[in-house]
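Protein chains in written order, with the numbering used here: chain D, 1 to 384; chain Y, 385 to 675.
Since the hints were made in silico from the structure, they are not lab data. Worth double-checking, as some hints may not be accurate.
[To be verified] Below 25 angstroms or equal to it, Euclidean Cα-Cα: the simulated DSS-like pairs (lysine-lysine) are: (1) D/LYS381 <-> D/LYS246; (2) D/LYS381 <-> D/LYS160; (3) Y/LYS500 <-> D/LYS308; (4) D/LYS51 <-> Y/LYS500; (5) D/LYS308 <-> D/LYS291; (6) Y/LYS500 <-> D/LYS262; (7) D/LYS291 <-> D/LYS51; (8) Y/LYS472 <-> D/LYS266; (9) Y/LYS500 <-> D/LYS298; (10) D/LYS262 <-> D/LYS298.
[What the hints assert, rightly or not] Computed footprint of chain Y on chain D; a stretch qualifies when at least three of its residues, placed anywhere within it, have a C-beta under 8 angstroms from a C-beta of chain Y: (11) 136-144; (12) 197-204; (13) 210-221; (14) 260-274.
A virtual CB, placed ideally from N, CA and C, is assigned to each residue, including glycine.
Here's the letter readout for the chains.
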Amino acid sequence: MLKTLLRCAGKFVAIAAAGLVMSAQAAEPIRIGSFLSVTGPASFLGDPELKTLQMYVDKINKDGGVLGRPLELVHYDDVGNASSARNFASRLIRSDQVDIIVGGSTTGATMASVPLVEQAKIPFISLAGAVVITTPVKHWVFKTPQSDRMAAERILADMKARGFTRIGLISGTGGFGSSGRTQTLEVAKNMGMEVVADETYSGSDTDMTAQLTNIRNTDGVQAILNFGFGQGPAIVTRNYAQLGIKLPFYQSHGVASDSFLKLAGKAAEGLRLPASPLLVPDSLPDSDPQKAVVQNYKSEYEARWNAKVSTFGGYAYDGLMLAVKAIEAAGTTDHEAVRKALENIHGYVGVTGEFTMGPDDHNGLDADSFRILEVQNGDWKLIN
Amino acid sequence: MLSEFLQYLFTGITIGATYALIALGFTLIYNASHVINFAQGEFLMIGGMTTVSLTGMGVPMPLAIVLAVLLAGVFGILLQRFAIAPAKQADVVTLIIITIGASIFIRGLAQLVWGKEYHVMPNFSRDEPIRIFGAVLNSQSLWVLGVGAVLVVALVLFFTRTLIGKAILATSMNKQAARLVGIRTQLVLMLAFMVSALLGSIAGVVVAPITFTSYDIGIMLGLKGFVAAAIGGLGSGVGAVVGGLLLGVVEAMTAGYVSSDYKDAVAFSMILVVLFFMPRGLFGAKVVERV
Numbered sequence: 001m002l003k004t005l006l007r008c009a010g011k012f013v014a015i016a017a018a019g020l021v022m023s024a025q026a027a028e029p030i031r032i033g034s035f036l037s038v039t040g041p042a043s044f045l046g047d048p049e050l051k052t053l054q055m056y057v058d059k060i061n062k063d064g065g066v067l068g069r070p071l072e073l074v075h076y077d078d079v080g081n082a083s084s085a086r087n088f089a090s091r092l093i094r095s096d097q098v099d100i101i102v103g104g105s106t107t108g109a110t111m112a113s114v115p116l117v118e119q120a121k122i123p124f125i126s127l128a129g130a131v132v133i134t135t136p137v138k139h140w141v142f143k144t145p146q147s148d149r150m151a152a153e154r155i156l157a158d159m160k161a162r163g164f165t166r167i168g169l170i171s172g173t174g175g176f177g178s179s180g181r182t183q184t185l186e187v188a189k190n191m192g193m194e195v196v197a198d199e200t201y202s203g204s205d206t207d208m209t210a211q212l213t214n215i216r217n218t219d220g221v222q223a224i225l226n227f228g229f230g231q232g233p234a235i236v237t238r239n240y241a242q243l244g245i246k247l248p249f250y251q252s253h254g255v256a257s258d259s260f261l262k263l264a265g266k267a268a269e270g271l272r273l274p275a276s277p278l279l280v281p282d283s284l285p286d287s288d289p290q291k292a293v294v295q296n297y298k299s300e301y302e303a304r305w306n307a308k309v310s311t312f313g314g315y316a317y318d319g320l321m322l323a324v325k326a327i328e329a330a331g332t333t334d335h336e337a338v339r340k341a342l343e344n345i346h347g348y349v350g351v352t353g354e355f356t357m358g359p360d361d362h363n364g365l366d367a368d369s370f371r372i373l374e375v376q377n378g379d380w381k382l383i384n
Numbered sequence: 385m386l387s388e389f390l391q392y393l394f395t396g397i398t399i400g401a402t403y404a405l406i407a408l409g410f411t412l413i414y415n416a417s418h419v420i421n422f423a424q425g426e427f428l429m430i431g432g433m434t435t436v437s438l439t440g441m442g443v444p445m446p447l448a449i450v451l452a453v454l455l456a457g458v459f460g461i462l463l464q465r466f467a468i469a470p471a472k473q474a475d476v477v478t479l480i481i482i483t484i485g486a487s488i489f490i491r492g493l494a495q496l497v498w499g500k501e502y503h504v505m506p507n508f509s510r511d512e513p514i515r516i517f518g519a520v521l522n523s524q525s526l527w528v529l530g531v532g533a534v535l536v537v538a539l540v541l542f543f544t545r546t547l548i549g550k551a552i553l554a555t556s557m558n559k560q561a562a563r564l565v566g567i568r569t570q571l572v573l574m575l576a577f578m579v580s581a582l583l584g585s586i587a588g589v590v591v592a593p594i595t596f597t598s599y600d601i602g603i604m605l606g607l608k609g610f611v612a613a614a615i616g617g618l619g620s621g622v623g624a625v626v627g628g629l630l631l632g633v634v635e636a637m638t639a640g641y642v643s644s645d646y647k648d649a650v651a652f653s654m655i656l657v658v659l660f661f662m663p664r665g666l667f668g669a670k671v672v673e674r675v
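Produce the complete structure using the sequences and hints provided.
So this is what it looks like as C-alpha cells:
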C-alpha cells in the first residue's frame, strides 16, 4: 500500500517537474548583464544607474517582457575599480552567458572590458562619457552619454554666439578634467577660438584663487571655462565670486546637478553650463519631443525611489531602452542581429537626447542634445 | 604686481592655515606615544559633518559646534580604549597600522550615517571677502589663523605648565620610568587621544566653510596635515604651524608664478629637501637614539 502510494507520488513529482522545465523553456528569460560602480568613489554614477535598470526591468516584465520573454538583470558592483570591472565582464560573458551588456559606469571600467567584449562578440552599451569609447568605432561597443567633446563643442559654440573668442581655461587634473581639457583645446582650434590661459588644479585642492588670479590677469581673456568634477568646481565657483571676477563663467556638464547648486550657493549666480534636459523638464517647450520622456522618467524614478533623479540614471534608462528596442527589432537575441539592429536605430527619443546610430556612429547623439542652462535665482534656467 | 603677489600670499596663507591646524592634531598624540595617528583626519571629518548635520536639524551653530567637538572627544576615547589599548605591548609601527584601520572603519561608519554627499557650512562671520590692496582674503581664513594661534599657545601652556601635560611628556620619553613615578600611563594615553580628537574636530569645524565637508574629507586633509607636521618637525606645535603655512605658501606661489601643474610636485620636493638636511624637521627636537 505504502509502496504504491510512494510510486504514485514519485510519478506525480516527475510529471510536475517535467511540466515546470517545459514552461521555463517556453519563456526563457533574456539575460541583461551589467557591471556598475554601485559603491565606492563613483557610486554617484552607479547607484542611480542600478536603480534605474532594476526599476525598468521590473516594469517591462510586468508589461509582458520582450518578445514574450521576461528580462533578467544580472548585475555586479565593480566598486569603481577597472580591474574588477574586467573580471565581472568576463564572468557575465562566460558563466552567466548574458545576451547583452548594459553597464560600465566609468570610462576606466568600460575600456578595461572592451577587449573581452570584442573577443566574445557580444553587444555592449556603455554608460560612460569619454570620447575614446566610440571613437574610433568598435564593432560591438555602443554608448549612451554624450562625449566630453560634444560638451566642449556646445560650450564653445555658445561662447562664440555671444561674441567671445579668447577664453581662459581652468581644469581639474582628474580623468574627467584632463580629458575635457584636451577636447576643449582641440575644439577651440577647430572653431577658430583661442585658449589664452590654461590652468589646472588637483582634486584635493581647497583654494584656486591663485589660478583664477592668473587667468584674470591674462590679456584679452573674454570668458572663463572650468572643466572639472566633484567638489573642485564648486570651490572654483566660490573663489570666482570672492575675487569679484566679472567675466562670463562656464562650467562643464560634470557638475550639472542640484547638489552643485547647493555647494556653490550664491556664487553660482549667472554661470552657464551644458546639461541634460532632465534638470529642467518643465521648462522644455511642448514641441520638444524629449519633454514627455524626460517628465515620465523623472516622476517614475522619484516616485519609486523617493530620491532625486540624476542625469546618470538617465544614461542607464537610455541604455536599457536601446537594448530592448534593438532586441525587438531583431526579433531574436542573436548577437550579430542585435548589434545590427542597434546600429540601425534611428530617431529613438531618450532621456539624454535623440539617438540616431550608424555604422560609423555608435553614440548617436550630437552636441545639440545638451541644453545650455544658466543659474538664475539659485535655480536652473533654460537658455537654449 | 603687488596685488598679484598679495593674492598668492593670501591664498597660500588660507591653504596653509588649514594644513597647520590639522598638523597640530598630529603633534599631541605623537608627543604622548610616538604614534602617528592616521585617524586624525577622521576627527576632522566628525567635527565638520556633525556640525553640519546638527545645524541642519535646527540646532543653533555654536551649540552644534560644541556638541560636535564633544562627540569627537568621545570617539577619541573609544579609539584609544578599543583599538590602541588592547595592543599595549605592540610596537609603534603596529599601533600606526591600527590607526589606519580605525580610520577606514570610522569613514565607513560616517558614510552609512551621513551618506556620500558634500555639504556646505556657512562662514562664521561674513560672506564678503576682505579686500587689501586689490587682493581678497576670505574672512574665514582669519578664523582659521586665529583659532590656530590660540590652539598653539594653549598647547604650549598645556605641556609646560600643567601636571597632566608634563605627565604626557614624561610618558612619551620613558614609559617605564613614568609608571615608576606613579603616572598611570594608560590614562595619560587616553587623555592624549581625547585632547587630540578635540583639536582635530575644532580644526574640522573651522576649515569646513572653506573646504566643504564630506565623509571622506579626512583622507586628503589628514595627509596634507601630516606632511605639514613632518616638515615642521613632529611633536612641535610651532613647527606644525610653520610647516603648514610654508607648505601652503609654496603651493600657492608655484601655482601663481610657475605653473599650476607643478604645484604639488614642488611642494613635495620641498619636503624631500627639508627632511634630507633636517631629518627631524624644521623645529623637531634633537634626539639622540639610545643604542
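- Query: Where does the structure disagree with the numbered hints, that is, which hint numbers, in rising order?
  - Reply: 8, 11
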